[in-house]
Amino acid sequence: MTPTVRVSRTVRRRHGGHGGSLAGHAMLAPALLVVAAVTLFPIGYAIDMSLSHVDLGLTGVHLRFDGFHNYSVVFQSPQFWQSLLFTVAFTAVTVVLEFALGLLLALLCKSWVRPRGALMSLFLVPWAFITVVSAELWGYMLNGSYGLMDAVMQGLHLAQGNVVWLGTPTLAAASLMAADVWKTTPFVALMLLAGLLMIPDEIYEASDMDGAGPGATFFRITLPLLRPSMLLALLFRTLQAFGVFDLPFVMTGGGPGSSTQSLSMLAYNAMFRDFDFGPGTAVAVLTVVVVFLMSLVIIAMFRGQLTGTYDA
Amino acid sequence: MRSRNPWSWVRYPATALALFVILFPFYWLVVTSFKGPMDAAAYPPHLLPHPLTLVNYQRIFAVFHFERYFVNSTVVASATTVAVAVLGSLAAYALARLPVRGKVSILLALLVISLFPGVAVISPLYVLMRDISWLNSYQGLVVPYVAFNLPLAIWILQNYFRGIPRELEESARMDGAGLLRTLRSIILPLSVPGLFTAGIFTFVACWTEFLMALTFNSSNNWRTIPVAIALFGTRFSVSKGDVFAASALAVLPITILVLLFRRWVVSGLLSGAVKG
Chain S
1 MTPTVRVSRT
11 VRRRHGGHGG
21 SLAGHAMLAP
31 ALLVVAAVTL
41 FPIGYAIDMS
51 LSHVDLGLTG
61 VHLRFDGFHN
71 YSVVFQSPQF
81 WQSLLFTVAF
91 TAVTVVLEFA
101 LGLLLALLCK
111 SWVRPRGALM
121 SLFLVPWAFI
131 TVVSAELWGY
141 MLNGSYGLMD
151 AVMQGLHLAQ
161 GNVVWLGTPT
171 LAAASLMAAD
181 VWKTTPFVAL
191 MLLAGLLMIP
201 DEIYEASDMD
211 GAGPGATFFR
221 ITLPLLRPSM
231 LLALLFRTLQ
241 AFGVFDLPFV
251 MTGGGPGSST
261 QSLSMLAYNA
271 MFRDFDFGPG
281 TAVAVLTVVV
291 VFLMSLVIIA
301 MFRGQLTGTY
311 DA
Chain W
1 MRSRNPWSWV
11 RYPATALALF
21 VILFPFYWLV
31 VTSFKGPMDA
41 AAYPPHLLPH
51 PLTLVNYQRI
61 FAVFHFERYF
71 VNSTVVASAT
81 TVAVAVLGSL
91 AAYALARLPV
101 RGKVSILLAL
111 LVISLFPGVA
121 VISPLYVLMR
131 DISWLNSYQG
141 LVVPYVAFNL
151 PLAIWILQNY
161 FRGIPRELEE
171 SARMDGAGLL
181 RTLRSIILPL
191 SVPGLFTAGI
201 FTFVACWTEF
211 LMALTFNSSN
221 NWRTIPVAIA
231 LFGTRFSVSK
241 GDVFAASALA
251 VLPITILVLL
261 FRRWVVSGLL
271 SGAVKG
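Just so you know, the sequences run in chain order S and W. Okay, so the first sequence: first residue is 1 according to the numbering used here, each after it adds one. Okay, so the second sequence: first residue is 1 according to the numbering used here, each after it adds one.
If you are wondering where the hints come from, they were derived from the structure by calculation, not from laboratory data. A few of these clues could be false.
Heads up, simulated SDA-like pairs for lysine to any residue below, C-alpha to C-alpha not over 20 Å straight-line [what the hints assert, rightly or not]: (1) S:Lys110 / W:Leu107; (2) S:Lys110 / W:Arg263; (3) S:Lys110 / S:Leu122; (4) S:Lys110 / W:Val71; (5) S:Lys110 / W:Val21.
Can you make the complete structure from the sequences, with help from the hints?
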């Protein structure tokens, strides 16, 4: 919790006016230029493409301004609404589950003192997994004719015959969510655990002496003090989940039909399978707009915590 | 010692269950990679290979030239990590120590940009790279990867730099060292854990990235591991054993790397990346 403002003044005085600032901007420039060149500039160009008739000729790309034609194509396509619905449902369900399970896992991990480090490092195994591999693996375990999950279900007498996990829209969506929860919950747990470990023990001791029960302690102390970690984890997870691509692309191919085709997949397929760059880019731009609005909302909740820390 | 913690007894079975769920798929991946084609498709599935065979591992090298993808992934991830460490240290030092207008806005903008879905930029970048012949090249992946990984690295590093006592820099500066020299000889040696944290995050992100690698480097010679694994089935008749032998080889190095450096990854999550 370094007060940045004070720091800056000291440095400025020593370097005499704008000298330090110039050096600062010079050191910052290369990184910001690379980031802008690969993200901001292409997003601007993507907006241009989404408003144009895109002709991918052999001599290069030709854009002809076409107003909102691509967007009206997108809005009239039932596939877009299906993808939007799937992506929203996927984001909502996985984020809620990952937070609930992640919080349980973090509390569990905190209750162990000695093997905590070992537990935490095991949480990193799914995090470092390649999503494509995780998709192949879950697809194999949920295979409808020789999958492990079928054997488990039959062994527990929960199902007779084979379950068509990836062959019906609801079960396929649920399977994708489960695979995502498996891979990402430990990561959420680590982020929340970071917040838990920063809460000073004295606060818990004080609440204990005041005779607060475990429930009251959890809701009045743990949850409020965990807010900054939760908001940051919420930002990470919501934005990543909304852009989901690898998992459905490999595990279900967007199927059955196009029931599990996420917005990113829809945009990718339109662009690189059907070579419809105009409508495909329009879907991509719409995805970014939604992501941007969500991040603004989360950061608005988050900014108070940040400025408290940075004081600038 | 009497514990009032409600977890005191539930936590044993709960921890065992959590570990089982987290680790079992990893076990299943490794076991399947040692199963022959018939064994991998047996129902009910065998919990151990029956018989154990190395044929999948032989095939992925002899038939599918897996080493090619391994080299591609290693080159791209290593080059990106080095570039991110250099550019990220410079930027993080400026944000941590020097007067720059709008620091909080810059940090927040970086964070949001790094989380933007990749699909937003692939069509313009694809078109651009086609024009300058960067499709199917190393730089065509390294440059976007650098841009998408710099923000988190800058966050981690600037948090780390803030924790270093200012007196050390001041004495260096009184000896006449310039900013870059101070950064190189005082700050960076003290920030090795922070650099490792940022480096591991970057390396893992590059090793696992799929969408851009699929879009920009789709030609067989230039594929990275995730693209190769995802497209395995589309060109050859492959068994699940082949897929999982390749997957095990792809996942193992990164798992070992992460477990070796776990202290830094965890501390990056615990302090650097999260302290916001």
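Status of the hints after comparison with the structure:
| no. | hint | in the structure |
| --- | --- | --- |
| 1 | S:Lys110 / W:Leu107 | violated, 30 Å |
| 2 | S:Lys110 / W:Arg263 | holds, 16 Å |
| 3 | S:Lys110 / S:Leu122 | holds, 14 Å |
| 4 | S:Lys110 / W:Val71 | violated, 40 Å |
| 5 | S:Lys110 / W:Val21 | holds, 19 Å |
Figure legend: structure checked against the earlier numbered hints; hints not met, in rising order: 1, 4.
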